Amino acid sequence: MKNKLVIFVLVIFFLAFSKQNHLPDTFVYAKSVIPDLEVDLSYYGIHNFVGDTIDGYHANSLIITKPTAQALKLVQEELQQQNLCLLVYDGYRPQRAVNHFMRWAKDLNDTINKQQFYPGVQKRNLFKEGYIASRSGHSRGSTLDLTIIDANTLQPLDMGSPYDFFGEESWVDYAEISEKQKQNRQLLQAVMLKYGFRNYPKEWWHFTLRNEPFPDTYFDFEVK
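Numbering (our numbering), first residue to last: 234 to 457.
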C-alpha cells in the first residue's frame, strides 16, 4: 500500500512538472505563484465578443511571465487587506487567437454578440477604431485583463461597463458613470500602477508590466 502511495505521488508530481515544463523559459502558470487567484478566461469559453472558444485556448489556465506573476502577487496581497481580490479574464494570448479575431472581424455577417459587446460600433470599423489588430501585447506574455472582486461573494466591483465592451464607456476616464464606479476604476488603476503596471487608457481592465521581459516577441504556444 505504501509503495502504491509513493507511485501515486510521483505520478502527480510528474504530471504537474510536465505541464509547467511545456512553457517557454520565464513563463509560469499564474496559480503556481498566486494559488488563490481567481481566473475566468473569457476566450476559453463562449461568453465573449466572438461567441465561441478562441483558437489556442484549451484550458482555463492563466499563463504569464514570471515577473508579471510576481508583481501581480503584490497587487493581490494589498487588495486582500481590504477584503478584495483579483479576477483575471486574460493573460498570455497565442498569436493564433489574435488571428482568429482577425478572421472573425472580416466576416461582417457574424454579429451574434454585437448588442452586448459593440452596440455603438459598426463591425467593419473594428480595425480602423483599434479594437482589433494583427498583433496584441497579450502575446508577449506580460499583459493582463482583470478586475477586482469582493473576496467573500466573488462578485466583481461595478466598473461602469462590462469587460471587453468596445466603446467610450470603457475608457478609464469616461465621465458618464457614477461616483462609485469611478472610485472602483481608480482603485484598480492605482493598485496596478503602484506595482509596476502601465494602463491602456481606452480599456479600464488592461495592464502591461513595465520593463516586460519580451517587448518585441509574440508567442504562439497554446494555453493548456
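Among the hints, a few may not be true.
Here are the computed distance ranges between Cβ atoms for each label pair [to be verified]:
| id | residue 1 | residue 2 | range |
| --- | --- | --- | --- |
| 1 | 386 | 431 | 36 to 42 Å |
| 2 | 416 | 255 | 23 to 29 Å |
| 3 | 343 | 363 | 32 to 38 Å |
| 4 | 265 | 411 | 36 to 42 Å |
| 5 | 259 | 368 | 18 to 24 Å |
| 6 | 342 | 315 | 43 to 49 Å |
| 7 | 401 | 339 | 38 to 44 Å |
| 8 | 348 | 265 | 18 to 24 Å |
| 9 | 367 | 401 | 19 to 25 Å |
Lysine-lysine pairs mimicking DSS-like chemistry, simulated, CA-CA at most 25 Å apart [as the list claims (entries may be wrong)]:
| id | residue 1 | residue 2 |
| --- | --- | --- |
| 10 | 347 | 361 |
| 11 | 339 | 356 |
| 12 | 356 | 306 |
| 13 | 339 | 361 |
| 14 | 264 | 339 |
Please keep in mind that the hints were generated in silico from the structure rather than gathered at the bench.
Just so it is clear, the structure is predicted and the values come from calculations on it, not from any experiment.
Beta carbons: idealized from backbone N, C-alpha and C, even for Gly.
Quick rundown of the hints versus the structure:
1. Restraint check, residue 386 to residue 431: a C-beta distance of roughly 30 Å breaks the suggested window 36 to 42 Å.
2. Between residue 416 and residue 255 the beta carbon distance is about 41 Å. The supplied range of 23 to 29 Å is therefore violated.
3. Our hint of 32 to 38 Å for residue 343 and residue 363 is violated, since their Cβ atoms are close to 20 Å apart.
4. Checked against the hint of 36 to 42 Å, the C-beta distance between residue 265 and residue 411 comes to roughly 38 Å, which is consistent with it.
5. A hinted range of 18 to 24 Å holds for the C-beta pair residue 259 and residue 368, which are about 20 Å apart.
6. With their beta carbons about 46 Å apart, residue 342 and residue 315 fall inside the hinted range of 43 to 49 Å.
7. At roughly 24 Å, the beta carbons of residue 401 and residue 339 sit outside the given window of 38 to 44 Å.
8. The hinted window of 18 to 24 Å between residue 348 and residue 265 is violated, with their beta carbons roughly 39 Å apart.
9. Hint check: residue 367 to residue 401, Cβ distance near 24 Å, so the stated range 19 to 25 Å holds.
10. Among the hinted pairs, residue 347 with residue 361 is consistent with the structure: their alpha-carbon atoms are about 17 Å apart, no more than 25 Å.
11. Straight-line distance between C-alpha atoms of residue 339 and residue 356 comes to about 8 Å, which keeps the hinted pair within the 25 Å bound.
12. Among the hinted pairs, residue 356 with residue 306 is inconsistent with the structure: their alpha-carbon atoms are about 37 Å apart, more than 25 Å.
13. The hinted pair formed by residue 339 and residue 361 meets the criterion: a straight-line CA distance of about 12 Å does not exceed 25 Å.
14. Among the hinted pairs, residue 264 with residue 339 is inconsistent with the structure: their alpha-carbon atoms are about 35 Å apart, more than 25 Å.
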